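Going down the list, the protein sequences come from chains A and V. Residues 1 to 313, numbered by this note's numbering, are exactly what the first sequence covers, in order. Residues 1001 to 1275, numbered by this note's numbering, are exactly what the second sequence covers, in order.
Honestly, I wouldn't trust all of these hints.
With a straight-line Cα cutoff of 30 Å, these simulated BS3-like cross-link-like pairs (lysine-lysine) come out [to be verified]:
#1 A:Lys153 x V:Lys1229
#2 V:Lys1135 x A:Lys41
#3 V:Lys1168 x A:Lys41
#4 A:Lys21 x V:Lys1139
#5 V:Lys1168 x V:Lys1005
#6 A:Lys239 x A:Lys153
#7 V:Lys1229 x A:Lys42
#8 V:Lys1253 x V:Lys1005
#9 V:Lys1238 x A:Lys70
#10 A:Lys21 x V:Lys1199
#11 A:Lys153 x A:Lys190
#12 A:Lys41 x V:Lys1139
#13 V:Lys1238 x A:Lys42
A short list of chain V residues far from chain A (calculated; beta carbon distances all over 12 Å) [claimed, not checked]:
#14 Asp1053
#15 Val1066
#16 Ser1068
#17 His1104
#18 Asp1114
#19 Gly1123
#20 Ala1131
#21 Ala1133
#22 Asp1137
#23 Gln1156
#24 Ala1202
#25 Ser1209
#26 Glu1216
#27 Ser1257
#28 Leu1268
Hints are computed from structural coordinates only; laboratory data are not their basis. Every value quoted in this text rests on a predicted model; they were computed, and no experiment measured them. Every residue gets a Cβ at the ideal spot worked out from N, C-alpha and C, and that includes glycine.
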Amino acid sequence: MAEKLATREAYGNALVELAEKYDFVVLDADLAEATKTVKFKKAYPNRFFDCGIAEGNMMSVAAGIASTGKPVFASSFAMFAAGRAFEQVRNSIGYPHLNVKIGATHAGITVGEDGATHQCNEDIALMRTIPGMTIVNPADAVEARAAVEVALKTEGPFYLRFGRAAMPIFNDEKTYKFELGKGVELAKGKDVTIVATGIMVSAALEAKELLAAEGIDAGVVNIHTIKPLDTALIAKVAKASGAVVTAEEHNIIGGLGSAVAEALAENCPVPMVRVGVKDTYGHSGPVPTLLEAYGLTPADIVKAAKTAVAKKA
Amino acid sequence: MEAKKLQSLQKTANRVRIGVIEGTHAAKSGHPGGSLSVTDILTYLYFEEMNVDPKNPKWEDRDRFVLSKGHCAPALYAVLAERGFFPVEELLTLRKYPSRLQGHPDMNSTPGVDMSAGSLGLGISAAAGMALAAKIDGKSYRVYTVVGDGESEEGQVWEACMFAAHYKLDNLCVVVDWNGLQIDGPVAEVMNPTPHDKKLEAFGFHVISIDGNDMEQIAAAFEEAKTVKGKPTAIIAKTVKGKGVSFMENQVKWHGSAPNDEQYAQALAELKGGN
């Protein structure tokens, strides 16, 4: 796990890599340097269009372009793509089910020093409520690259969630295969299963080791596709381990934790505990400090796992 | 314009107005006022200006139209039906479940509708996106959109205008249906967007001001728009809300209410008398 790369970097690289294979255009709203669409802008200036600081217009423009048959990536920070432009995403892109791929970077609190106004912990909740929207939250740079290509190959609106901070790469680029809508069972566990998404997947893998040292056998599932959710796998691991912990860099309301709770309540009720941002706003600070302050470390997952296991009795 | 052509267009517009009244009466709701104000513009677009094929509504090289003021769908549906995209009788299913003629246009269910619209401010951006796509692909189709005067209070309309001028979308023609009334009252009293022409000029548009219920002025404006290079064109079309039905003309209350049986009979008598 030595190598680290931010998923936004992988997003920018993927756009360039896939540009010859697929016909698409890229839009941004004055954040190309940060979202990393700048890589595509430099390589394919005739297929890149800056929309200026006007995210609502960008989403509806993207819908217009997509309506002519051309796939479009529309990029901004998660706060402005899902938050500011929610209604445009819902009505211009979601309702007509147009082929727009929203590349939302700087999701969650790992935005760091920019602080609460720019740390979006609500985007998954917002996007989940849009019928027909596919939501992918890649766990590392390898998965992010694969997700971009799958989005291009799959007709319809996508919300691709990327992070700002460099994070460990744990998938093997050579062997990795991305299956849309399928959770990845990274480890089986008898006592509890940690169902994680995004940057919390590598934290979950660390937590598994910590738990093993204390005699608790924890499984780990990577949910890269939050919608449609792999409810079958979630029910299966819940049944096998009898307890579930969810882990996400997002509000515990409306995100993975809520989606898993809904799935478990309907299919296989077992004790569960949610690890995530606890219905509050972020703060300026360095990433490791924030992860600790907001309870998003492997130690927090360990604690939650023990609570979940205790609830089984 | 030849007298014969003018007369034919006016007759078609009159049939479209009848369709608006038939549809909103049957639906017992809807937006007749703005539908009647924009009727002449839509009639000219679909019967003279735009290169479309009712037998192949998704033809990729067609000219495109976005009704950004989507609540005036009754007029768009009536024009599309007259033009042969679907049967005129279907106008009586307006706003009913499970009719494909919803309260606001749905591109995935109604033949001839190029973009779902109705949430104000979004359609003009989508039209700009289509115009940009034509430029990217080196296609010659043109894109038309109609926004309302009240709709122009939405900030996104101006974001779209900035975008259209920045990318020199001379294949985009924005018509402002300036009927002067919105739900809460006269546009000038609710939130005045004037001077609309100067604002659009400042945003980089070629601006043409016309009487939007005069077929010859409409024709001349669209012809002029096609000669403009390097910038988008805006046609500020001064219209009469409720045009063609005496008791609806210039009355705020007819923005969003349907005629009852008595009003329906009177409206049809007036329109059929003029056909």
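- What are the numbers of the hints the structure violates, in ascending order? Hint check: 1, 5, 6, 8, 9, 10, 11, 13, 15, 16, 17, 18, 19, 20, 21, 22, 23 fail, others pass.
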